[in-house]
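Visitor: Chains as they are written, first to last, in my numbering: chain L, 2 to 223; chain E, 16 to 215.
In short, the hints are calculated from the structure, not lab data.
Idealized CB from N, CA, C, for every residue including glycine.
It cannot be assumed that every hint is accurate.
Said to hold, decoys possible - Rough simulated footprint, nothing fancy, chain L against chain E, three-plus residues with beta-carbon under 8 Å:
no.: 1; region: 66-77
no.: 2; region: 161-172
no.: 3; region: 185-193
What the hints assert, rightly or not - Sample of chain L residues facing chain E (criterion: CB under 8 Å; computed from the structure):
no.: 4; residue: Ala4
no.: 5; residue: Ile15
no.: 6; residue: Ala46
no.: 7; residue: Arg50
no.: 8; residue: Asp78
no.: 9; residue: Ser80
no.: 10; residue: Leu83
no.: 11; residue: Thr85
no.: 12; residue: Met86
no.: 13; residue: Ser87
no.: 14; residue: Arg88
no.: 15; residue: Asp124
no.: 16; residue: Leu168
no.: 17; residue: Leu170
no.: 18; residue: Ser171
Claimed, not checked - Far from chain E, by Cβ distances over 12 Å, these chain L residues were calculated:
no.: 19; residue: Ala16
no.: 20; residue: Leu17
no.: 21; residue: Leu47
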Amino acid sequence: MTALSALIRRDIRIALRVGGGALIGVLFFLTVVVLMPFAIGPDLALLARLGPAILWLGALLASLLTLDRLFTADHDDGSLDLITMSRTPLELSCAVKAVAHWLAAGLPLIIATPILGLLLNLDVGATAAVALTLLAGTPALTFTGMIGAALAVTLHRGGLLLAVLVLPLSIPVLIFGVAASEAAITGPSSFGAPFSILCALSLFGLVVGPYAAAASLRQGLD
Amino acid sequence: MRLSGREVDCVRGGREVFSNLNFEVVSGEAVAVVGPNGSGKTSLLRLIAGLLVPARGSITLEGGEAELTLAEQAHYLGHRDALKPALSVSENLSFWRDFLGGAASDPAESLATVELDHAAHLPAAYLSAGQRRRLSIARLLTVYRPVWLLDEPTNALDTAGQKLFASLIGDHLARGGLIMAATHTPLGITARTLRVGDVS
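Make a model of the complete structure from these sequences and hints.
Guide: In structure tokens:
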């Protein structure tokens, strides 16, 4: 338990310090969302209608942005060797690293959502609905992305490979995230069903992601 | 405690690095792994640390704690220092003490031993290569592991540092530890030699 809390504290601390990924993700999210009105034009009704989808796409891309460093940073400086050798099962270490990444890089996105909702002409209720779906759905993005991050270590390629591997896997999350937001804002379909599936995807990712990532890391030992 | 390897073959990237290697190290003994560049010294240490899988043969530790694997009872000091530049010297060391677990001593004491206590609050990014090495050595002192696997441990250390390190490994051997070190320079202690990758 000490080991896991030490790992989570270390990763969050590194992410929040200068050069860490936490702030970069939020800034990227902000940039993507701010650019949209310029591209789409000042049609307020259209912006409000597209708002949830834009916020979801922005959050998806922003959460991928820093994910490729999840394991490669530890691999490059040799920490991953010691983590593999330690008395903590690698699966648990992977899960904890993903949780730390979500706390440092995913949670700030959700906190920023109300402000960005203003830019997209979303009212308070709609913004709250999107923020709630992001809260339920972004862990799934992190946990599936973690598998890609582990493969990036195995294959000695970071960056774009991760996006190519992970983006197709995040399609279900995107579909149900936007569906739940739309249902909450405009109706008439129910909010409960897509939202429950979103939660289920996150829980499924929490169970499968760490095992897949640990297996990939073990395979890639060199 | 006895660390032994029987008929170990190592294959990396489809190329045989060494084959049919036998070795044995017992408590209180240091073995210097020597051989030319590319002969497989690092590979051998990584095999023992469980970071590579042997193509054939077995590596076992007898007389250690029964419920722990060999890797869990070993320290690996590799080329890469496992330090985070964003964290301070003492934060780096405290993290490894908490994460690695097992019997541990005060990190501040180990830092004083390796003469880094004046830099405890400095981010690791500002350390020189020799100081990074000293900080890695402090990790070996803080967390107790009976088996030390050292890969070029004295690289980047100055003469005083090498002398200090020689006394530290002497202390570890006296406490019943065992050491395998891949090295080109003498360790400063009496060590048996294991030659890998002879092309004879």
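Visitor: Please go over all the hints and tell whether each is borne out by the structure.
Guide: Do the hints match the structure? See the list:
Only residues whose beta carbon comes within less than 8 Å of a beta carbon in chain L count, and the region 66-77 of chain E has 3; three or more means the coverage holds. For the region 161-172 of chain E, the stated coverage by chain L is not satisfied: 0 residues place a CB nearer than 8 Å to a CB of that chain, which falls below the threshold of 3. Counting residues of the region 185-193 of chain E whose C-beta lies closer than 8 Å to any C-beta of chain L gives 0; at least three are required, and the coverage claim is violated. The interface hint given for L/Ala4 is met, as the beta carbon of that residue sits about 5 Å from the closest beta carbon of chain E, less than 8 Å.
The interface hint given for L/Ile15 holds, since its Cβ lies 5 Å from the closest Cβ of chain E, which is under the 8 Å cut-off. Violation of the interface hint for L/Ala46 is found here, the shortest Cβ-Cβ separation to chain E being roughly 46 Å, above the 8 Å cut-off. Annotation: interface hint on L/Arg50 violated; nearest CB of chain E at approximately 42 Å, more than 8 Å. Hint on L/Asp78 holds. Least Cβ distance to chain E is approximately 6 Å, under the 8 Å limit.
Satisfaction of the interface hint for L/Ser80 is found here, the shortest Cβ-Cβ separation to chain E being roughly 4 Å, below the 8 Å cut-off. Because the smallest distance between the Cβ of L/Leu83 and any Cβ of chain E comes to about 5 Å, under 8 Å, the interface hint for this residue holds. Using the Cβ-Cβ criterion of 8 Å, the hint placing L/Thr85 at the interface with chain E is satisfied: the shortest such distance is roughly 6 Å. This hint holds: L/Met86 has a C-beta 4 Å from the nearest C-beta of chain E, less than the 8 Å allowed.
About 5 Å separates the beta-carbon of L/Ser87 from the nearest beta-carbon of chain E, less than 8 Å, and the hint is met. Taken as an interface hint, L/Arg88 checks out: its beta carbon lies about 5 Å from the nearest beta carbon of chain E, inside 8 Å. At about 40 Å, the closest approach between the beta carbon of L/Asp124 and any beta carbon in chain E exceeds 8 Å, and the interface hint on this residue is violated. With a least beta-carbon distance of about 29 Å to chain E, the hint placing L/Leu168 at the interface is violated under the 8 Å criterion.
For L/Leu170, the shortest C-beta to C-beta distance to chain E is roughly 29 Å, which exceeds 8 Å, and the interface hint is violated. Checking L/Ser171 against chain E: minimum C-beta separation of about 28 Å lies over 8 Å; hint violated. L/Ala16, annotated as away from the interface, has a beta carbon of chain E within 12 Å; the closest lies near 9 Å. At roughly 9 Å from the closest C-beta of chain E, the C-beta of L/Leu17 falls inside 12 Å, breaking its exclusion from the interface.
L/Leu47, annotated as away from the interface, keeps every beta carbon of chain E farther than 12 Å; the closest lies near 43 Å.
The structure is inconsistent with the numbered hints 2, 3, 6, 7, 15, 16, 17, 18, 19, 20, although it conforms to all the rest.
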